[in-house]
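Chains as they are written, first to last, in our numbering: chain E, 1 to 531; chain U, 1001 to 1252.
Simulated from the structure, these hints should not be mistaken for laboratory data. All values derive from a computational prediction rather than experimental measurement. Glycine residues also receive a C-beta, built at the ideal position from the N, C-alpha and C atoms. Treat each hint with caution, since some may be false.
As the list claims (entries may be wrong) - For lysine-lysine, the following DSS-like pairs were computed, each having C-alpha atoms within a straight-line distance of at most 25 Å:
{"#": "1", "chain 1": "E", "residue 1": "105", "chain 2": "E", "residue 2": "73"}
{"#": "2", "chain 1": "E", "residue 1": "25", "chain 2": "E", "residue 2": "114"}
{"#": "3", "chain 1": "U", "residue 1": "1207", "chain 2": "U", "residue 2": "1236"}
{"#": "4", "chain 1": "U", "residue 1": "1033", "chain 2": "E", "residue 2": "20"}
{"#": "5", "chain 1": "U", "residue 1": "1016", "chain 2": "E", "residue 2": "114"}
{"#": "6", "chain 1": "U", "residue 1": "1013", "chain 2": "E", "residue 2": "101"}
{"#": "7", "chain 1": "U", "residue 1": "1013", "chain 2": "E", "residue 2": "24"}
{"#": "8", "chain 1": "E", "residue 1": "24", "chain 2": "U", "residue 2": "1016"}
{"#": "9", "chain 1": "U", "residue 1": "1051", "chain 2": "U", "residue 2": "1016"}
{"#": "10", "chain 1": "U", "residue 1": "1025", "chain 2": "E", "residue 2": "25"}
{"#": "11", "chain 1": "U", "residue 1": "1168", "chain 2": "E", "residue 2": "25"}
{"#": "12", "chain 1": "E", "residue 1": "24", "chain 2": "U", "residue 2": "1022"}
{"#": "13", "chain 1": "U", "residue 1": "1042", "chain 2": "E", "residue 2": "20"}
{"#": "14", "chain 1": "U", "residue 1": "1218", "chain 2": "E", "residue 2": "73"}
{"#": "15", "chain 1": "U", "residue 1": "1037", "chain 2": "E", "residue 2": "20"}
{"#": "16", "chain 1": "E", "residue 1": "151", "chain 2": "U", "residue 2": "1200"}
{"#": "17", "chain 1": "U", "residue 1": "1004", "chain 2": "E", "residue 2": "111"}
{"#": "18", "chain 1": "E", "residue 1": "24", "chain 2": "U", "residue 2": "1042"}
{"#": "19", "chain 1": "U", "residue 1": "1214", "chain 2": "E", "residue 2": "73"}
{"#": "20", "chain 1": "U", "residue 1": "1042", "chain 2": "U", "residue 2": "1022"}
{"#": "21", "chain 1": "E", "residue 1": "20", "chain 2": "U", "residue 2": "1025"}
{"#": "22", "chain 1": "E", "residue 1": "114", "chain 2": "U", "residue 2": "1025"}
{"#": "23", "chain 1": "E", "residue 1": "24", "chain 2": "U", "residue 2": "1004"}
{"#": "24", "chain 1": "U", "residue 1": "1033", "chain 2": "U", "residue 2": "1126"}
{"#": "25", "chain 1": "E", "residue 1": "108", "chain 2": "U", "residue 2": "1016"}
{"#": "26", "chain 1": "E", "residue 1": "24", "chain 2": "E", "residue 2": "151"}
{"#": "27", "chain 1": "E", "residue 1": "24", "chain 2": "U", "residue 2": "1037"}
{"#": "28", "chain 1": "U", "residue 1": "1207", "chain 2": "E", "residue 2": "73"}
{"#": "29", "chain 1": "U", "residue 1": "1168", "chain 2": "U", "residue 2": "1193"}
{"#": "30", "chain 1": "U", "residue 1": "1004", "chain 2": "E", "residue 2": "25"}
{"#": "31", "chain 1": "U", "residue 1": "1004", "chain 2": "E", "residue 2": "114"}
{"#": "32", "chain 1": "U", "residue 1": "1133", "chain 2": "U", "residue 2": "1033"}
{"#": "33", "chain 1": "E", "residue 1": "115", "chain 2": "U", "residue 2": "1022"}
{"#": "34", "chain 1": "E", "residue 1": "25", "chain 2": "U", "residue 2": "1013"}
{"#": "35", "chain 1": "E", "residue 1": "74", "chain 2": "U", "residue 2": "1051"}
{"#": "36", "chain 1": "E", "residue 1": "73", "chain 2": "U", "residue 2": "1193"}
Said to hold, decoys possible - Pair ranges (Cβ atoms, derived):
{"#": "37", "chain 1": "E", "residue 1": "170", "chain 2": "U", "residue 2": "1115", "range": "53 to 61 Å"}
{"#": "38", "chain 1": "U", "residue 1": "1141", "chain 2": "E", "residue 2": "21", "range": "34 to 42 Å"}
{"#": "39", "chain 1": "U", "residue 1": "1089", "chain 2": "E", "residue 2": "119", "range": "17 to 25 Å"}
Read off the chains here:
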Amino acid sequence: MTSLGSSSSSATEYTVRVPKNTSKKYNIMAFNAGDRVNCSSWTQARMERDMSARRIYGEEETQEGAAGSEFGKKQREEARRKKFGIVTREFKVEDQPWILKVNGKAGKRFKGQKKGGVTENASYYIFTQCPDGAFEAFPVHGWYNFTPLAKHRTLTAEEAEEEWGRRNKVVNHFSIMLQRRFREQERGEDEEDEGEKSGKKKKKSGGRGGDLRIHDLEDDLEMSSDDSDSSMGDDGESKTKAKKDTGKGKKKKKRKSNDEAIEDSDDGDYEGLEVDYMSDESSSSDEEPEKGKPSKGEDLPKGIDEASESEEESEEEKQNEEEAKEEEEEEEGKKTPVQTEKKKKKDSSGESDSSDDSDIEGETASALFMKKRTPPKRAGGRGSAGSSRTGSRPGTPSIDSASTSNTLRAAASKLEQGKRQNQGPGTDSPAAKRLKMEPSSQSPAPSGKSTPQPPSGKSTPSSSDVQLTEEAVRRYLIRKPMTTKDLLKKFQTKRTGLSSEQTVNVLAQILKRLNPERKNVNDKMHFYLTE
Amino acid sequence: MTDKTEVNLSGVKQSKGVWLVKVPKYLSQQWDKATEKGEVGKISFGKKQGKTEVCFSLNEELTVLDAVGEKDASLQVPRDHPFTMHTVGGQTMAAFSQSDTDEISLEGMVVHRAECRPVVSDNYMKLKKLQIKESTKSPRLSQQLERAITTVFKPVANHNFNVLHDKKKKLEGKMVRAERQVVLDMLFSAFEKHQYYNIKDLVDITKQPVTYLKEIMKEIGTYNNKGAHKSTWELKPEYRHYQSAEEEVPTA
């Protein structure tokens, strides 16, 4: 209030005018104080009515005339509404909200909604002081409350509920990223030729798979024709990884259920599989957390196998189990990247012998871990060739059904990892052993692990289990149709000791010699041989 | 959508401050009665014991209240209205004006809020009483009549409306069958405008007897028993050619 500097009691008077002829309608624009709006800082402002409600009010004419319209439809509709007493409110432009845009495109936006009931019982006037000192009063016609509009994307109700449901889950971003990457790689592999690209990709995916699992079963499972399996395997792997990292039981359970769902082993998968004990390899066994891991230390390979199995089963996963993790019977490789690396290192560090040593160490470690019943971390780095295969322990509860179904996947992943892994002593026998193992769900083909491993081929093979021979390829192709990608997966560089390019070349030659038959499955070219 | 109007920000740029004043309804009604010049009263600022007091006093001529339907010259609108001033606390308010030409301009920022209160006097109380009485009167009124109404609703042999209707019918006469081709042309042009027609509407349009029309329609159209457009006639597919907004009518 401006007091016009008069004496204390004297009053200054001004006339008040209410202009009659004003063409302007005055309104109030109200902001919330918390928004800290400073009108004087505006450089430019645009305002328009928000007509988005017109659609709701204006009944859209489906078609004016011509097709689809009826004669007199409008009148009939109107009469019908009157009969039912439906009163539609008119769309009044005056009552529509304002949209105020300040400072151009990058500035703020406000929505001004009309406040009702302002002029009903009392009138508001805007008093402005004129240069001559008199006051002019303008009646206020409308009051609009302006609220700032959010520029960022807001969630809808469904999205918000979804996010709310996820608030307790601790998400392992690393594993998720890896999973995504793996999937992308796989997708890319499927689309690309079997050339270097695939080799490279295999390497990459192998690397990633290495994190999770390294054995034939995985490879088998990841074959392109078994898309679901492989994807499930991936999921499982990532999940286990996540579990390892976070130790979340939930994921493990999910994985388990996934395993259950995924593991669909073909009938012929287990044929010819040499196993020590034939026992029920039901999925339920998978479920059981391996409680009775009998062999802890003595049968290192066994222990490792068990460990690997238990890893999958059990919820906790320990990092150290990495080495033990070679068994990738379970596709779900619980390997953590750390473990994978460790394993890789181990693999890379040595030939089969050295890897054997490391395997042994790993197995021990895993065995120890098994004691504690913590899920050993699966060594991701090892391909199927490496680490003890749980398959060798059919009797142990640790054998999960997953491993059974993982045969294929394990084989597939092994292939991948074979590339990554060092060239172990890729002898035929280990390869043969491994191959035998493949069909068996129980034992993911262990790469020709040497000494500590029982000759049944369970136990963790070190690197280089696979030999890229014509015979091996023939065996694969006889068994089931495979794409070149799948074949490559089986002969991973780590296992065969060849570089990716060499592998590709050799494989190409072999294929030429074999001249397999082709068929198209899922838009992919599969090779197969009939004996 | 109306065009985006550039807001004239000259008001706020000059940091014009305005007051938002709440004025009672009767007072604003009196203000509406002001002369062309628009002078309604005076506002005075005084300082009383350190506090600034604002008071508005109504012009003399405007104090006469035109009470609705009552000549009560004694009732007058109070003259003095002190303003109660408030600061603008939780709201940032600005006044914007919209002209007839849809030009929007920001007139200024509200720096003070005020309420115009009358000085309470007997006069004012009487005025208020009157207002309350008026507002409690319901728009609908039950009234007892002394005598029955005899001017409306007399019994009538035939209502006027009916008489006119019959006359009209007589004038039009029975519907005559026109030439088949003529009727066909009429139908085709009608179906150009809309796809579905009720038989009654067709009769209306063509002014043909129903049986004749039905006969023709059976020739060129189909009848929809069910579906969205129930009990309507439409042209047979070979006769119709609806294209977005255009139709071609094949000659029969």
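Tested hints:
no., hint, in the structure
1, E:105 with E:73, "violated (44 Å)"
2, E:25 with E:114, "holds (15 Å)"
3, U:1207 with U:1236, "holds (22 Å)"
4, U:1033 with E:20, "holds (10 Å)"
5, U:1016 with E:114, "holds (24 Å)"
6, U:1013 with E:101, "holds (17 Å)"
7, U:1013 with E:24, "holds (19 Å)"
8, E:24 with U:1016, "holds (17 Å)"
9, U:1051 with U:1016, "holds (24 Å)"
10, U:1025 with E:25, "holds (18 Å)"
11, U:1168 with E:25, "violated (53 Å)"
12, E:24 with U:1022, "holds (19 Å)"
13, U:1042 with E:20, "holds (17 Å)"
14, U:1218 with E:73, "holds (23 Å)"
15, U:1037 with E:20, "holds (8 Å)"
16, E:151 with U:1200, "violated (56 Å)"
17, U:1004 with E:111, "holds (14 Å)"
18, E:24 with U:1042, "holds (23 Å)"
19, U:1214 with E:73, "holds (21 Å)"
20, U:1042 with U:1022, "holds (16 Å)"
21, E:20 with U:1025, "holds (17 Å)"
22, E:114 with U:1025, "holds (21 Å)"
23, E:24 with U:1004, "holds (18 Å)"
24, U:1033 with U:1126, "holds (21 Å)"
25, E:108 with U:1016, "holds (23 Å)"
26, E:24 with E:151, "violated (32 Å)"
27, E:24 with U:1037, "holds (17 Å)"
28, U:1207 with E:73, "holds (20 Å)"
29, U:1168 with U:1193, "violated (28 Å)"
30, U:1004 with E:25, "holds (18 Å)"
31, U:1004 with E:114, "holds (18 Å)"
32, U:1133 with U:1033, "holds (23 Å)"
33, E:115 with U:1022, "holds (16 Å)"
34, E:25 with U:1013, "holds (20 Å)"
35, E:74 with U:1051, "violated (67 Å)"
36, E:73 with U:1193, "holds (12 Å)"
37, E:170 with U:1115: 53 to 61 Å, "holds (57 Å)"
38, U:1141 with E:21: 34 to 42 Å, "holds (39 Å)"
39, U:1089 with E:119: 17 to 25 Å, "holds (23 Å)"
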